[in-house]
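Colleague: Chain residues, written in single-letter form:
Protein chains: 2
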Amino acid sequence: MTTTPGSEPASAVPASTHAEIPDLHAIVPAGGAGTRLWPLSRQHRPKFLLDLTGQGRTLLQGTWDRLAGLTGSDRIMVVTGAKHAEAVAEQLGDLPAANLVAEPSPRDSMAAIGLAAAILQHRHGPVLVASFAADHVVPDVASFHRAVRDAADAARAGYVTTIGIAPTHASTAFGYIRAGQSLPPGEGGPAASVVEEFVEKPDAETAAEYLASGKYAWNAGMFVVRTDVLLNHLTELQPPLAEGLEVIARAWDTAERDFVMDAIWPGLTKIAIDHAIAEPVAAQGGVAVVPGDFTWDDVGDWASLATLLAAGEDGVRAPIPGSHVVAVDAPGALVHAAGTVAVVGIPEAVVVQTEDALLVTDAAHAQRVKAVVDQLKAAGRDDLV
Amino acid sequence: MTTTPGSEPASAVPASTHAEIPDLHAIVPAGGAGTRLWPLSRQHRPKFLLDLTGQGRTLLQGTWDRLAGLTGSDRIMVVTGAKHAEAVAEQLGDLPAANLVAEPSPRDSMAAIGLAAAILQHRHGPVLVASFAADHVVPDVASFHRAVRDAADAARAGYVTTIGIAPTHASTAFGYIRAGQSLPPGEGGPAASVVEEFVEKPDAETAAEYLASGKYAWNAGMFVVRTDVLLNHLTELQPPLAEGLEVIARAWDTAERDFVMDAIWPGLTKIAIDHAIAEPVAAQGGVAVVPGDFTWDDVGDWASLATLLAAGEDGVRAPIPGSHVVAVDAPGALVHAAGTVAVVGIPEAVVVQTEDALLVTDAAHAQRVKAVVDQLKAAGRDDLV
Numbered sequence: 001m002t003t004t005p006g007s008e009p010a011s012a013v014p015a016s017t018h019a020e021i022p023d024l025h026a027i028v029p030a031g032g033a034g035t036r037l038w039p040l041s042r043q044h045r046p047k048f049l050l051d052l053t054g055q056g057r058t059l060l061q062g063t064w065d066r067l068a069g070l071t072g073s074d075r076i077m078v079v080t081g082a083k084h085a086e087a088v089a090e091q092l093g094d095l096p097a098a099n100l101v102a103e104p105s106p107r108d109s110m111a112a113i114g115l116a117a118a119i120l121q122h123r124h125g126p127v128l129v130a131s132f133a134a135d136h137v138v139p140d141v142a143s144f145h146r147a148v149r150d151a152a153d154a155a156r157a158g159y160v161t162t163i164g165i166a167p168t169h170a171s172t173a174f175g176y177i178r179a180g181q182s183l184p185p186g187e188g189g190p191a192a193s194v195v196e197e198f199v200e201k202p203d204a205e206t207a208a209e210y211l212a213s214g215k216y217a218w219n220a221g222m223f224v225v226r227t228d229v230l231l232n233h234l235t236e237l238q239p240p241l242a243e244g245l246e247v248i249a250r251a252w253d254t255a256e257r258d259f260v261m262d263a264i265w266p267g268l269t270k271i272a273i274d275h276a277i278a279e280p281v282a283a284q285g286g287v288a289v290v291p292g293d294f295t296w297d298d299v300g301d302w303a304s305l306a307t308l309l310a311a312g313e314d315g316v317r318a319p320i321p322g323s324h325v326v327a328v329d330a331p332g333a334l335v336h337a338a339g340t341v342a343v344v345g346i347p348e349a350v351v352v353q354t355e356d357a358l359l360v361t362d363a364a365h366a367q368r369v370k371a372v373v374d375q376l377k378a379a380g381r382d383d384l385v
Numbered sequence: 001m002t003t004t005p006g007s008e009p010a011s012a013v014p015a016s017t018h019a020e021i022p023d024l025h026a027i028v029p030a031g032g033a034g035t036r037l038w039p040l041s042r043q044h045r046p047k048f049l050l051d052l053t054g055q056g057r058t059l060l061q062g063t064w065d066r067l068a069g070l071t072g073s074d075r076i077m078v079v080t081g082a083k084h085a086e087a088v089a090e091q092l093g094d095l096p097a098a099n100l101v102a103e104p105s106p107r108d109s110m111a112a113i114g115l116a117a118a119i120l121q122h123r124h125g126p127v128l129v130a131s132f133a134a135d136h137v138v139p140d141v142a143s144f145h146r147a148v149r150d151a152a153d154a155a156r157a158g159y160v161t162t163i164g165i166a167p168t169h170a171s172t173a174f175g176y177i178r179a180g181q182s183l184p185p186g187e188g189g190p191a192a193s194v195v196e197e198f199v200e201k202p203d204a205e206t207a208a209e210y211l212a213s214g215k216y217a218w219n220a221g222m223f224v225v226r227t228d229v230l231l232n233h234l235t236e237l238q239p240p241l242a243e244g245l246e247v248i249a250r251a252w253d254t255a256e257r258d259f260v261m262d263a264i265w266p267g268l269t270k271i272a273i274d275h276a277i278a279e280p281v282a283a284q285g286g287v288a289v290v291p292g293d294f295t296w297d298d299v300g301d302w303a304s305l306a307t308l309l310a311a312g313e314d315g316v317r318a319p320i321p322g323s324h325v326v327a328v329d330a331p332g333a334l335v336h337a338a339g340t341v342a343v344v345g346i347p348e349a350v351v352v353q354t355e356d357a358l359l360v361t362d363a364a365h366a367q368r369v370k371a372v373v374d375q376l377k378a379a380g381r382d383d384l385v
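Protein chains in written order, with full-length UniProt numbering: chain E, 1 to 385; chain S, 1 to 385.
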């Protein structure tokens, strides 16, 4: 690197990314099976518990690592299914026991995030919370931290704030966010803009229009918001759910937790935070978006994982240490297997081997892996799903 | 089946296929690595020692089974490399030790077949010999026996006689035989015809012309001939080779076998029987061909094997007992692996798993598997080739 004489030397990482955000608590909903990542993902071993990139850290641990720089290890709360609570605790040695929330049954993302927000508000009064799925990949932590910091400014001003990922291609796999006017400086602007609309996964033509317009960002399901703002919206928009969460949260740190949880949780409204809060509040002008100029992926299938992995000289991605791949006319192959694997004449092949199953497909058909799991279930092979 | 009144009832299998041919000895050259069948085939475990079809018999054993009905178990001689002699003896429990000929080094098919013929002539005087490779597949034994019987008739009359396989498609993987006029009844006709020419593997266009003409058959390397006829041709066409074989054969059943073999064998001319005998003798009008109207394959690669295996309802070929294949949009897949294997979106996929290696390719690229073996050799991975 050369520096112009007299100019200030550039620091390698902006100072802002080093500092915690003192009033921020992170919420990590750790759910979802990741069926299309079979045979590595299983019902008892969902995607967030897997080390997909072969770097020695699972997606959950990668999420933790990314957040700890913003919150320290004391202000991260993980919400997961009861059957995965033990595995989560094992993987996150620094997670305080009080910050592990186990759901007796899945009630979708609004109940999970809402309960965590309600518990935190009971413990600390109104605080800023940021919610990030446990099974996404964000390699550039510094840029991620900058975006969260920007979002926090708008959230403090009262907006439900999301981070819109700058799209790199016309994906049909993600929902989109249409941004409007920038917010005033006191409300998080100019980084933050008001959200005009959330839109569902588009078809290819529409996705191309979104990309060309420059007004759309990918919806990565990242929300930063004050707990009081979130719970007030919920009281207005989903009163029974808000009331149920309040009752549980009030009992959470008491001896009545299990009794109240068992009584209330199963009856809570099952709804995603997007439908419960993001979309209706956006329609009222209450949602902001800040740009996320970083690589992000929800690793929905093996093809998606392949794009995140560095290829060797032969164009092959082989994340497992010690795997030995011989590729002949197979550029872009992804081999997630130990030992010697030869791939001949299948570009973008996907080969995944576990102790009890082998998957062979290619990037173009990676979405159809779900059909394998469906067939195995239909055949009564619960041992394999 | 209905029979016309007054006509003779047809017997299910012609009586002729049940009878041995008393003056016939079979010679089975068991050589060749079958490189394109990696990872199942290895230098120490060549193709003929493998059970490729999952029926519990190796190709060598299948060849034995097919020939024993013509010769009994006393008149089959196997010629193989010294390093495979023990495995051959293990697989063929009924093979008399005296009929197992071990080559110290490979000298191509003329030396192998010629030595066996010379030994047999020393033991029995001139006899009829029939040579069949140890690693071909012929499911219809009755039709095969009929063809050998027809060939034996022409061979007794003094012809080097081959069995020309009726081509089922315009293959570019095999050499062809062009048949001419039928021979007279006393010389094996009308079943046998004179061979006008042997031609090398053609390009696709030429192969299509051959198929359309109806005058060409596949050259399966099957020869039936009197030992005296064969050895006389050899004396005329390859005098040093003929002389060397005669010296070895004279010493074979004596205490001098090893001494003479070590002295003579390494210096023998390395030439295929096709070039040494079949082609030049055909040019003299001394080769006959009889039709072989049966399924035959030299199982040159995995695609070739796939065509020989029965497909399940899902279009999948899974010859290994206990293998469990889930195929989604993968018609024609061949899975040679134990356990659960899912193939998604790759028609005619080829998946082969051994203890130490996995191959993934498709039928269209099966020929290129040789490149994998080449790469492994270049990388010094002799443990895998």
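Please note: incorrect hints may appear among the correct ones.
Because identical chains cannot be distinguished in the list, a pair is counted as satisfied if it fits within a single copy or across any two copies.
Stated by the list, open to error - Within a straight-line C-alpha distance of at most 20 angstroms, the following computed EDC-like cross-link-like pairs (lysine to aspartate or glutamate) qualify:
id	residue 1	residue 2
1	K201	E279
2	K377	E196
3	K83	D383
4	K201	D65
For the record, the hints were derived by calculation from the structure and aren't laboratory data.
Colleague: What are the numbers of the hints that this structure violates, sorted from low to high?
Modeller: 2 and 4
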